[in-house]
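Protein chains: 2
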Amino acid sequence: MPTDFFNRHRATLEQAVSALQQRGYWSPYNESPSPRFYGEGAAEAGRAAYEARLERPFLFTPEQAGGDRWVGAEVSPYGPPLGIRYPAPDLDRLLPSMQRAAASWREAGPQVWAGVALEIVQRLNARSFEIAHAVQHTTGQAFTMAFQAGGPHAQDRALEAIACAWQQLQLIPAEARWEKPQGKHAPLVMRKTWRIVPRGIGLVIGCCTFPTWNSYPGLFANLATGNAVIVKPHPGAILPLAITVQVAREVLAEAGFAPDVVTLAAHDASDTGLARTLALRHEIGLIDFTGSSANGDWLEERARQARVLTEKSGINQIIIDSTDNLAGMVQNIALSLALYSGQMCTTPQNIYIPRDGVRTPQGQLSFVEVSQAIVQAVAHLTTDSAKAVELLGAIQNEAVLQRIELARGKGQVLLESTALVHPQFPGARVRTPLVMLARRNEAITEEYFGPISFIVPVDDTATAIALAQRIATDQGALTLSAYTTDATLRQGLQHAAADAGVALSLNLTGGVLVNQSAAFSDYHGTGANPAANCTLTDADFVAARYRVVQTREPVASTTTA
Amino acid sequence: MPTDFFNRHRATLEQAVSALQQRGYWSPYNESPSPRFYGEGAAEAGRAAYEARLERPFLFTPEQAGGDRWVGAEVSPYGPPLGIRYPAPDLDRLLPSMQRAAASWREAGPQVWAGVALEIVQRLNARSFEIAHAVQHTTGQAFTMAFQAGGPHAQDRALEAIACAWQQLQLIPAEARWEKPQGKHAPLVMRKTWRIVPRGIGLVIGCCTFPTWNSYPGLFANLATGNAVIVKPHPGAILPLAITVQVAREVLAEAGFAPDVVTLAAHDASDTGLARTLALRHEIGLIDFTGSSANGDWLEERARQARVLTEKSGINQIIIDSTDNLAGMVQNIALSLALYSGQMCTTPQNIYIPRDGVRTPQGQLSFVEVSQAIVQAVAHLTTDSAKAVELLGAIQNEAVLQRIELARGKGQVLLESTALVHPQFPGARVRTPLVMLARRNEAITEEYFGPISFIVPVDDTATAIALAQRIATDQGALTLSAYTTDATLRQGLQHAAADAGVALSLNLTGGVLVNQSAAFSDYHGTGANPAANCTLTDADFVAARYRVVQTREPVASTTTA
Chain A
1 MPTDFFNRHR ATLEQAVSAL QQRGYWSPYN ESPSPRFYGE GAAEAGRAAY EARLERPFLF
61 TPEQAGGDRW VGAEVSPYGP PLGIRYPAPD LDRLLPSMQR AAASWREAGP QVWAGVALEI
121 VQRLNARSFE IAHAVQHTTG QAFTMAFQAG GPHAQDRALE AIACAWQQLQ LIPAEARWEK
181 PQGKHAPLVM RKTWRIVPRG IGLVIGCCTF PTWNSYPGLF ANLATGNAVI VKPHPGAILP
241 LAITVQVARE VLAEAGFAPD VVTLAAHDAS DTGLARTLAL RHEIGLIDFT GSSANGDWLE
301 ERARQARVLT EKSGINQIII DSTDNLAGMV QNIALSLALY SGQMCTTPQN IYIPRDGVRT
361 PQGQLSFVEV SQAIVQAVAH LTTDSAKAVE LLGAIQNEAV LQRIELARGK GQVLLESTAL
421 VHPQFPGARV RTPLVMLARR NEAITEEYFG PISFIVPVDD TATAIALAQR IATDQGALTL
481 SAYTTDATLR QGLQHAAADA GVALSLNLTG GVLVNQSAAF SDYHGTGANP AANCTLTDAD
541 FVAARYRVVQ TREPVASTTT A
Chain B
562 MPTDFFNRHR ATLEQAVSAL QQRGYWSPYN ESPSPRFYGE GAAEAGRAAY EARLERPFLF
622 TPEQAGGDRW VGAEVSPYGP PLGIRYPAPD LDRLLPSMQR AAASWREAGP QVWAGVALEI
682 VQRLNARSFE IAHAVQHTTG QAFTMAFQAG GPHAQDRALE AIACAWQQLQ LIPAEARWEK
742 PQGKHAPLVM RKTWRIVPRG IGLVIGCCTF PTWNSYPGLF ANLATGNAVI VKPHPGAILP
802 LAITVQVARE VLAEAGFAPD VVTLAAHDAS DTGLARTLAL RHEIGLIDFT GSSANGDWLE
862 ERARQARVLT EKSGINQIII DSTDNLAGMV QNIALSLALY SGQMCTTPQN IYIPRDGVRT
922 PQGQLSFVEV SQAIVQAVAH LTTDSAKAVE LLGAIQNEAV LQRIELARGK GQVLLESTAL
982 VHPQFPGARV RTPLVMLARR NEAITEEYFG PISFIVPVDD TATAIALAQR IATDQGALTL
1042 SAYTTDATLR QGLQHAAADA GVALSLNLTG GVLVNQSAAF SDYHGTGANP AANCTLTDAD
1102 FVAARYRVVQ TREPVASTTT A
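Order-wise, the sequence lines are chains A and B.
The numbering used here applies: residue 1 is where the first sequence begins, and numbers increase by one.
The numbering used here applies: residue 562 is where the second sequence begins, and numbers increase by one.
Some hints could be false.
[Said to hold, decoys possible] Here are the simulated lysine-lysine pairs, DSS-like style, with alpha carbons at most 27 Å apart: (1) A:Lys184 / B:Lys741; (2) B:Lys745 / A:Lys387; (3) B:Lys741 / A:Lys387; (4) A:Lys180 / B:Lys948.
I should point out that these hints are in silico values taken from the structure, not numbers from a laboratory.
This is chain A alone, in the form it adopts within the complex (with noise of 0.2 Å):
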């Protein structure tokens, strides 16, 4: 049976693989919610089964190993509360439990650990819908969003993390013959074996903003180099990824293993230390984290027992010199600005034009009047309050509200952030972007995660770029957007995107945004700046997660094959 599902996958691994070295445009999860992809009836059953899910527990059949109490208190960004209760992990009994399911697993080999994580794809896929609502209603992303973002590019996520574990697997024979010539005298022949040894329980904490793309990549690295995962979700965004491991655990118990390989540790907010406990737990030798650069960075140091990959913090930024597309130009911008009200680690937050203005077919802008033309963008998305919720979404929670008013000390005001109304969900927490002018002569050199920018007066691009590379370097970057026409800048911008480990995007001014990175194609984060220690997904990546152990013996001498 786990075979079976390994060759009902191995073709799209097989595709997976080679795209992965192609880096070409490639996915084989459509990002359409459309019935032609998903069939008819497929968005009302995944609303109902959402509903469903409401103002009740959520089982786990087979229950997960201990724990008899219950947890959760997830609110939608939206209004209203969710009312499910998760059961919470009592460490003690769940670990020893994965250690006990971990057993097998670890013993079945790169192709069952394909097969299984596979699977587990392909019906995640296939409920698409479903958890699309449950992000939504976690995160705040509009609807469309958190399909696209919590469905198929989550799912393109893992189907990466698993070729990319598979195509290093695959440069590991199982076995060989060593015959080493000794001249005259019969030669050295000796029988080796190696086998793939999984580092340990995998801890994966996810986020509130982007639950399932954000923690997929590790949950499936994990799983296709055959190490159990404990799924530790943020408090504000727990359903997404409790749907995630209910599927996990339905594909490992028709496969033969004992479903606790994969589990959830859900809590609540006031419970701030399980992820640190869980942590440092002797039996977590893999930790996967998405989140501030404050617990990144902790986890970093003290988890000393697991090799951590972290995403944290960062500034990302844009540097305008000329442009051949200014209406292009300023509409990408403001699409990057206004996409999720800012909540993803991609968002740009500060915009570098010169004093002295843009080189544009219109001839040269003043400073005033591109800064004006980008903010005029951003309002004009916002005017219409039905049409700017599904790309604003929700705000996922009350620190982004604080975090404007902080930001609103920060220079001038150029737009204001404003409650909008939801014609849907009356309750929901709708911001418009802010968008201030820096202080003159400051750098930006904090994050303000969520709906604002600053726009950055500089001396020239040269200077722009210094300071984005001193920034990209010191703070963390993701991402770094720029606008030039000139051959010379674009090599100084890839030297400092380089220098600073940043991904480079340039004159984007058509249909994809700095903001949005695409799986076999775009690298998420470098692990050369202080933003990420690693990269989704690179050989660097999945290599952490198994050991080779070899056994080797003179073939003369074996007295049993």
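Use these hints to put chain B onto chain A, whose structure you have.
Here is chain B on its own, set in the frame of chain A:
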């Protein structure tokens, strides 16, 4: 010119990558110091080159940046001081100079990195005799071993690291066209490029027993991924790495790079702080360390700005259950204990023998009979001083002698360690191996690095396996050797070895010793127990050394190609 190096060695590189995936026997560097392979007069020329280095300053041409001080006080374990003085590094001048040198090196790209690295290894191979004398008179290895382990075998490990890096870098395309369909609309088209960005200056910290073999993997993995490297040798074994650095600088200069891409940080034994000072410098992004657990753990704990890869201490063990070749087993074990006076990180220390004896073709032999067979075999190896010294070599330093004294208090002496007079070097520090009977019920859980082993009586083989697993898990181990003709025990041993993350050798009775680890086939260390946090050489060992930084741009908006 740099590309010439790549093309010159391309076939070797491709064979090496293939060997790495097959893991059968392969080596392009002959381990025999015969004129048939190294040419007539090579031995004499190498000796002359070594002797010409004695009693004078070691000069780099061009000079290494920084430093007017001279250091170095190596004394041969065979007697005389070497009298060589090396330029001491002035870090505040040397590291900035390295960064300047690194700037063009990092731009050169994988082909140039590989080509230059391969040319360096090729030239090192041509200097194997000179390096052999340098290794002999710093480590104390006998000449033949110094030639093999310090020359071709170390070069194999260097080539393996280059091949492993190349294999990984080949998985990353330089550029791609990303074309995402948009239904009835025109597709989104982006041009993407990826650049390999080295992680920073690599610090390679050498040891005094295998200065080249243990340092080359880190050194050459760094070069092959575009990093500059500062090599800090053990103060007792500077010369082999100084020659290596000199050769590297020559090749770099010929290829048009500043030679400070590779530098030497020599120091006197009294200057104990240099390694730690260097390790915490912000310029250092990678550290490869071979040495004590205390120093390795300190680096892992403290050098947080760098990726730290360590090989540390451990306790290697032999489990004897049964054998179909008693004489072969006893002889193989005796050679393992005697080779280089046990001064290998892979030398067995604890030998477990069941109290009720061992099943052999000669019937059940008692614990005492098997112990005595081993003791007599070791004693026999050292009866003829002239032959013995070619196996034992010399004791590298006084601490090893003190450890022999310490170990003598830990049980009953079965075979006394005695001084031998070296027929060629009367001042040589030569000792025969000490074999102890461990105190009853006392597990030997400390490392006694040197010609020291403990025979440990155990109730049965299952007890021995459990004990060995626990010691390897807690204290670390690079090797585990076992003798059994029982298929069930063989499986139990493989499970225990996998759980303890230690390489297992079964039934070694012939020409392969457990101490020996062959490049392209045997992983050295696993990274899965405290003896090492990495392995030589796998994807994890090389993938930490670089990051990938991408640029993407819409194809339509590009004004310059």
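Results for each hint:
1. A:Lys184 / B:Lys741: violated (62 Å)
2. B:Lys745 / A:Lys387: holds (23 Å)
3. B:Lys741 / A:Lys387: holds (25 Å)
4. A:Lys180 / B:Lys948: holds (25 Å)
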